[in-house]
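*Asks:* In case you want the letters, here they are:
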Amino acid sequence: MRKLQFHPCGNFNERYEQELAIFETDFGRVWLWIGLFVLFAVIPVISGPYMLYVLNMIGIASIAAIGLNILIGFTGQISLGHGAFLGVGAYSGAILAISLGFPFWLAVPAAGIITAMVGMVFGIPSVRLKGLYLTIATLAGQFIIEYDLVHWEGLTRGTMGIILPTATIFGMELDSDRSFFYVIYICLVCIALIAVNIMRTKYGRAFIAIRDNDRAAEGMGIPIFYYKLLSFGISSFYAGIAGAIWAFYMISITTEPFTLGLSIEYIAIVIIGGLGSIPGAIYGAIFITGLNEILRWATDIFMNMGISTGFGLNLAALREFVFGLVIVLFILFEPKGLAEVWRIIRSNFRLWPFSY
Amino acid sequence: MACKGANMEFFLQLLVNGLSVGLLYGLSALGFVMIFKSSSVLNFAHGELLTIGAFLFLVLVTWARLPIPFAFLITLIGCFTLGFIVERLFLRPLIGESLIYVIMLTVGLASMFKGLLLFVFGGNLHTYPDFLPEGLAIHFGAIYVPPVYVASSIIGIIFLLLFGLFFKYSPQGIYMRSVADNQTASLSLGVHVKKVFALSWAIAALVAGMSGIVLGIINGTNVHEISAIGLKVFPVVILGGLDSIGGAIIGGIIIGLLETFTGGYISPSLRDVIPYIVLVFILLVKPYGLFGLVEIERV
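Going down the list, the protein sequences come from chains A and B. Using the numbering used here, you'd call the opening residue of the first sequence number 173 and step up by one each time. Using the numbering used here, you'd call the opening residue of the second sequence number 25 and step up by one each time.
Hints in this document: simulated from the structure, not taken from any laboratory. A couple of the hints might just be wrong.
DSS-like mimics (lysine-lysine), calculated; alpha carbons at most 27 Å apart, straight line [as the list claims (entries may be wrong)]:
#1 A/Lys302 with A/Lys374
#2 A/Lys508 with B/Lys218
#3 A/Lys508 with A/Lys374
#4 B/Lys219 with B/Lys192
#5 B/Lys310 with A/Lys302
#6 B/Lys192 with B/Lys218
Please model the complete structure; the sequences and the hints are all you need to start from.
*Replies:* This is the structure in structure tokens:
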């Protein structure tokens, strides 16, 4: 066994492979294995049902946020339609399971593929548009999909919603938060791994080139429309997977959650986590989901303290205010997000006591 | 024949409704276009600026019981100041930052303002006391145009003329146009770009406040409804061209007509989504809109 390497004192890369390596040192690799062990062996055992529910929601949000980060953070195409794509994923998963009797393990990837196709259709305006015009086009996409989900009643049952059968995988019924925890987090680990590796291939480099300067990228021979569409496809594939898992986890789905508000929440996750960082998407998901739960908890406490229910209603408004405030503060003071905060903390530790 | 007459009347009523709704959209889009024109910021908080104007007026009229013209004036001054403060506190640090931060900042601001307004006023409908004289109404055969619409058209036309003159002749207006045209060049020619940004936000908030009052007079003030109009602005300005003030009015009227006719003849539920379907097509065919300036990009 080769000697584990923990502490580089500078940048001594000699080959491109070293530059591309996921872990600079074995330190990160060891911590990742420890982290995965804690995640799968310790956390599900010690957490109660509520904690597991929150963790599951974080996992689902992370999957979708990684997808959005590929589109916004790596390819530089701002999409305001991610919430609707999540809805497409949830409904395709549900309809496949109900009408065609697809099992869980088949319905989820199939929903991902359907959503990827829908995403690519709504990515077509990126042929001619970029920047804010593309953003407005995706905003229109959000409203059009939302309208279809509500009014295409033959397929989606409109506002009635759909009730899904219990998901089974390898003959096991996924009927508890704990079993879903394993499914969601195994998916998340695979998907994060795929995303990290996509970014190390020529596709990832093409995405980054398009983000940094699309004209120059085209000049260097990158077919930008093809790659933009691909990026829309991958991003909505992730949204579709997340949506379908959400649908199976929630058992019943309606069109209600998949609004512009959800799209904005996902952009907030990506920005707060850190644009162009895969772990950042996960930090952002933890932050926003945690914030939502804390605010809900605070609302409940104020309600129970016997202050009138009208005040409780106003607290929902206060929640919206806090949400907006967090976005604004992050953009003004730490635009690179939590990933950057984490990097600073880490390098402080490493360089201590000579941080500068 | 009677049937045909009824059809004709229905058509005319839809036409009048569409024109008045469209004028309102155009009026709401004015402030949005002003901000975009000078600082290229896509303002998602525009609906909330409208709402703030409407509620400020409501507070002054119903709670402080000020006379109407006085309240109107104070609202406009308040909105002007608010726009100034918003630019100073939130937008100025972001000059030169990439698009996504600017967009998300306005989204965050929208969420903050909406949360605050809902916290103070709740989600209920509030109405102004009736103060417009009935004599303003226009009877045109069987078609009835309520006084509010007449008043709002008059206000809209006055403001349009004022802004046209302002941009054409006043030094500040010329500075604003020069900044919109080329920020670096105008900076090197001695235009105080930051001042121009602050002024354009202040003026845009003022216009938004005024439009908010008009919206409030017509439909009553409800936080959710008025702030939703902030999103209707997008199809309007894209159709008219993002940086064209006249285009905003014409785009507004076209979208208003489109909405009412779709609602009247095809299906009421399609009414709310048709502007966005049209929006996608405009973006694909003519992204800079009817009157927008085509951006030429040089590498």
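*Asks:* Please go over all the hints and tell whether each is borne out by the structure.
*Replies:* Here is how each hint holds up against the structure:
Straight-line distance between C-alpha atoms of A/Lys302 and A/Lys374 comes to about 22 Å, which keeps the hinted pair within the 27 Å bound. A threshold of 27 Å between alpha carbons decides the hint, and for A/Lys508 with B/Lys218 the separation of about 25 Å falls inside it, so the pair holds. Taking the CA atoms of A/Lys508 and A/Lys374, the gap is about 25 Å. The hint holds against a cut of 27 Å. This hinted pair checks out: B/Lys219 and B/Lys192 have alpha carbons roughly 19 Å apart, not beyond 27 Å.
Pair hint B/Lys310 plus A/Lys302 holds up; C-alpha atoms about 13 Å apart against a cutoff of 27 Å. Simply put, B/Lys192 and B/Lys218 have alpha-carbon atoms about 20 Å apart, close enough for the 27 Å limit, and the pair holds.
When each numbered hint is compared with the structure, no violation occurs for any of them.
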